[in-house]
Amino acid sequence: MTRTDPTDVPRPDARLHFGVFFQGVNHWTIWSDPSSGSQIDPASFLRVARTAERGLFDAFFLGDGQRLRESEGGIHELDVAGRPDSITQLSALAAGTDRIGLVSTSNTTYNEPADLARRLSGLDLLSGGRAGWNMVTTHNAWTGENFRRGGFLDHADRYTRAEEFLSVARAVWNGWSEEAVAASADARSWSVPGAVGRVRSRGAHFDVDLAPTLPRSAQGHPVIFQAGDSGEGRDFGARNADVIFSAHGLDFDDALGFAEDLRRRLRAAGRPEGALRILPGTEIIIGATEKEAEEKARWVRLEQVTPAVALGIAGRLWNIDLSGRDADGPLPAEDPVIAEYTGKFGSSRFRDTLATVAEWRAKAEANGWSLREAVIELGPQRGHVGTPAGLAEKFARFVRYGAVDGFNVSPYLVPEGLDDIVDLLVPELQERGVYRTAYTGTTLREHLGLAPVE
Amino acid sequence: MPRPALRLAVELDGDGAHPAAWRRAAHAPGELLSPRRLARTAAAAENAGFTLVTLDDSILPPASGAGPVGRIGAVERAAFVAASTSVVGVAPVVATTYAEPFHVSSQLSSLDHVSAGRAGWVVGAEEDPSAARAWGRPLVEGPEALAREARDGVRVVRDLWDSWEDNAVIRSVATSRYLDRERLHAVDFTGETYSVKGPSIVPRPPQGRPVVLARQGLVPAELTDVALVGGTTAKETGAAGDAAKAAGVPLAFAEIEVALDTPRDTARERIADLERYSPWEERPGRLRYTGSAEGLVVLLAELAASVDGVRLLPLVLDEDLSVLSRLVLPELFVRRLATRPLPGTTLRTSLGLPRPASRFATATTLVREETR
Chain A
1 MTRTDPTDVP
11 RPDARLHFGV
21 FFQGVNHWTI
31 WSDPSSGSQI
41 DPASFLRVAR
51 TAERGLFDAF
61 FLGDGQRLRE
71 SEGGIHELDV
81 AGRPDSITQL
91 SALAAGTDRI
101 GLVSTSNTTY
111 NEPADLARRL
121 SGLDLLSGGR
131 AGWNMVTTHN
141 AWTGENFRRG
151 GFLDHADRYT
161 RAEEFLSVAR
171 AVWNGWSEEA
181 VAASADARSW
191 SVPGAVGRVR
201 SRGAHFDVDL
211 APTLPRSAQG
221 HPVIFQAGDS
231 GEGRDFGARN
241 ADVIFSAHGL
251 DFDDALGFAE
261 DLRRRLRAAG
271 RPEGALRILP
281 GTEIIIGATE
291 KEAEEKARWV
301 RLEQVTPAVA
311 LGIAGRLWNI
321 DLSGRDADGP
331 LPAEDPVIAE
341 YTGKFGSSRF
351 RDTLATVAEW
361 RAKAEANGWS
371 LREAVIELGP
381 QRGHVGTPAG
391 LAEKFARFVR
401 YGAVDGFNVS
411 PYLVPEGLDD
421 IVDLLVPELQ
431 ERGVYRTAYT
441 GTTLREHLGL
451 APVE
Chain B
1 MPRPALRLAV
11 ELDGDGAHPA
21 AWRRAAHAPG
31 ELLSPRRLAR
41 TAAAAENAGF
51 TLVTLDDSIL
61 PPASGAGPVG
71 RIGAVERAAF
81 VAASTSVVGV
91 APVVATTYAE
101 PFHVSSQLSS
111 LDHVSAGRAG
121 WVVGAEEDPS
131 AARAWGRPLV
141 EGPEALAREA
151 RDGVRVVRDL
161 WDSWEDNAVI
171 RSVATSRYLD
181 RERLHAVDFT
191 GETYSVKGPS
201 IVPRPPQGRP
211 VVLARQGLVP
221 AELTDVALVG
231 GTTAKETGAA
241 GDAAKAAGVP
251 LAFAEIEVAL
261 DTPRDTARER
271 IADLERYSPW
281 EERPGRLRYT
291 GSAEGLVVLL
301 AELAASVDGV
311 RLLPLVLDED
321 LSVLSRLVLP
331 ELFVRRLATR
341 PLPGTTLRTS
351 LGLPRPASRF
361 ATATTLVREE
371 TR
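Residue numbers (the UniProt record's numbering), protein chains in the order written: chain A, 1 to 454; chain B, 1 to 372.
The hints are simulated quantities; they were obtained by calculation from the structure and are not laboratory data. Incorrect hints may have been included.
[Claimed, not checked] Every beta carbon over 10 Å from chain A, so not counted as near; a handful from chain B, in silico:
hint: 1; residue: S130
hint: 2; residue: G142
hint: 3; residue: P143
hint: 4; residue: R148
hint: 5; residue: R151
hint: 6; residue: N167
hint: 7; residue: A243
hint: 8; residue: A246
hint: 9; residue: E282
hint: 10; residue: F360
[Unchecked claim] Stretches of chain A that chain B covers, calculated by requiring three or more beta carbons in the stretch to come under 8 Å of a beta carbon on chain B:
hint: 11; region: 79-88
hint: 12; region: 91-100
hint: 13; region: 110-121
hint: 14; region: 137-148
hint: 15; region: 303-314
[What the hints assert, rightly or not] Distance windows between CB atoms, simulated:
hint: 16; chain 1: A; residue 1: A247; chain 2: B; residue 2: A174; range: 52 to 58 Å
hint: 17; chain 1: B; residue 1: T362; chain 2: A; residue 2: E292; range: 47 to 53 Å
hint: 18; chain 1: A; residue 1: D41; chain 2: B; residue 2: S172; range: 16 to 22 Å
hint: 19; chain 1: B; residue 1: A26; chain 2: A; residue 2: S177; range: 42 to 48 Å
In this text the structure is predicted, and so the values were computed from the model without any measurement. Beta carbons: idealized from backbone N, C-alpha and C, even for Gly.
Same shape as in the complex, but just chain A (with noise of 0.2 Å):
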C-alpha cells in the first residue's frame, strides 16, 4: 500500500474523530469469550470510556431501548439485554472521567422536552460541557406499552414531535444569560433580575410553560447528535444536528455519497458546511499482518454468528421460525413468508425480503456456503479489517477525501475491545498527522471542532 500524500487531497489537514459506542443488546457483542466481562458493572463502563480517554477520542456514548427486544414469540435470549439509562450512566462516567465527551442516546417520542434537556443540561454542567445528546425516535406502539402516553406516532409524526422537541430543549437551555448568577452573596437576590427567561411553547405536540433551572455549560449546551437514514431523516440531521452518525462507513464511496448528499441537504437549509461532522459506526478488527487479522475477523465472525443466532437472522428474513434446524446445513427450502411490517423488531433490513432471498440462494450455491455461513457473508457487514498501519492508510484517505469525518467504533468485546485500537492503530493514525496527538480544548465541541453556540 502506497503513503498517501496529503498534498494532493481535498483535505490535507483534516482530522479523524474517534467516538466509542458501548455495546451490547446485539449479536455483535461477544458475551461468549472468557475475557469479556459484565455489561451492567459500572468498572466495565469505566474501563471503556477511560480507554477511549487515554485514546484522545472524543466521546463514550449510550445507547437507548425502551423495551426488550422479543424473537419467537417471547423476550430475545441470545444476545446481550439489559442496559443502564444513559443518563444516569453518563452522570457517574462524568465524576471518573476528565476530557471524553458523554454522549446520551435519548428518545424524543416517549420523554417530555422539559424533564429531558434539564436532564442533559445537568450532565453538561457535570462534566465540564461535555455532553451530547443522540436524538431518536421510536414509532411503534409495542414500546408504547411501557408509557403513560401508550400509542404510537406514525413516521412522519416522529419527526416533527422530535424537531419540536429540540426546539423547546434550546429554549430551555438558553433560557439564562450568560451572567444570570449573582458574583457575590451581598447582591439583592441570587440570580440577576431578568436574566432567566421563561419558556412558552405551544405546538401541535407540545404546550408547556416553565422557568429553566440551569445556566448554559461550558460548551453552550450538549452537542446533538442524529442518524437517521430516510430522506426525512437526513433532512432533519442537515437542519439540526451537529454530528451525524451514519451506516456509511465501511465502503469508501458508498461513504463520500453520503457525505455529498448530507452536505447538499446542508447547504439547502442555510447552514455552512463545516456546521456537520458525520462519524460512521463500525467495528475495527486488528491484526499484526493482514492474514492475522482476517484470522481475527473470521473468528470474530464466528463468535458473533453462533449456529443459533444464525437461524435467527434466517428466520427473521424469511419470516419462519427456523429454531432446531442445522445452522451447518443448507438454506431453508421454503419460500419466505411475505408479512407486514410489524415494527417489531426495530429494523427494516430485510425490506425487499423475496429479492434478498433469491440472492443469498444463488451465493451460497455458488460458494458451497452453509446457512451460518451465508449469514456471515451476506448478512449485515461491519467494519474494517487490517493492520495498523493499513487501516491508518485507509482511514486517512476516507477523512481526507471527506467521505466521513471519524468513525464510531463498536468494539466487538466488552471492556477491553478498545484497547487495540487505542494502542495500536491511534499511534499510526497520530505518525500520519490525521488524528490529535493532545486534547486542545475541555469541551465535546471544541473535541469536534465545531464552532460555539451562539
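Guided by the hints, dock chain B onto chain A, whose structure is given.
Okay, now just chain B, sitting in the frame of chain A:
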C-alpha cells in the same frame, strides 16, 4: 435489649435548609451548580459518617424571589455523587406525579448499579400546579390524586425492579443463550391513569430494590422501607415514629432541621442574620433544633427510643456540616447512639434491611440471597 443505634442521613440540596442559606455559603453563588462543590459536600458527609445523603428536587426552580433558582436534577447529582464516594448511600427525590414510572425505575435501578448497591429513593410529589405546565401534562390536583400517582408510581417502579430475577443473565455458551426468558417478567400494571407492560430494560438492581423512603402517609406502608416522620416537638416526633412502625413500615426516620452554634456565631445569631433576607418558615412535620452540638446529641439520644434514624436538614451546609462532622457525629459514635456504614456494604445492609427476593421469583429459581 437495647435498640439498634441510629442511622444518620443528611439532606444536601442547595446551600442549606434556609432559603437565604446561599448568603452564608463558603463559595460564590454560581458555584452552587458546579460538580466540584457537589463532590466536596458529598465527601464531607461521607467522611463524617453519615449513612445516607438525600438530594431534593423538582422540575420547578428550588426557590422564588431572592433565593437560588438553579438546580441540577437529583438523579444526575446522585449518580455523580455515587461515583465520587464509596460508602455513603445516595437517595434522590423523584416524584412520579408527572414523570414516567418506567424511566424512574430505570434511573433508580441504574443508580443502584453505578453505586454498587447504595441507592435510595425519596418519593416526592409535585404539589405545585406549575409543575404540570412545565411537564406539559394534565394537572394532578389534590392530596388524593397526588397520593394515587405516588402510590401507583412506587408500585410500578418496584415491580419493574423485580421484573428481572437475580439470575436472569445465564450466559449459557452451550445453548447460545445470554438470558433465560423464563426469569424475566411482564409487570402488566394497570392503574387508574395509565398502564405499564414491562419488563424493565435494566437488570435487577444489586440491592434487589433500592431503599424507598417516603413521607409518612404519602405511599402505603407495604411499599415503603423508611417512613420520614416529624412533629413540632421531640415527643410528637417520637409518637409519629411509633405510629409509622405500627402501620408496618420497617424503619422510621425523624426529620430535623438543625441550626448549630459554630465557633464564630451562635445558631441564633446565624438565623437572625439570614432572617434579615427571608423568614425560615416552619414546615409542618419537621422538628427544628437550634443550639449547641451537645444539645443536639441529647435530643437525638431521646429520639433514639422511638425512631431508627434521623434525616438532618442543616441551616447552612457549609457551616453546619462542619459542626456535625467535628462535634455531633463523633460523639454519637463514641456513645454508641449511632453507627456509621461499613465499606463494601449496600445501603440496605447499613440500614439493617433484608435484601428482598423478586416477587416473581419461583421456587426453582429462588437462590440464596446475597448482598454484594
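(Q) To test your reading of the hints: which numbers does this structure violate? (A) 1, 16 and 19
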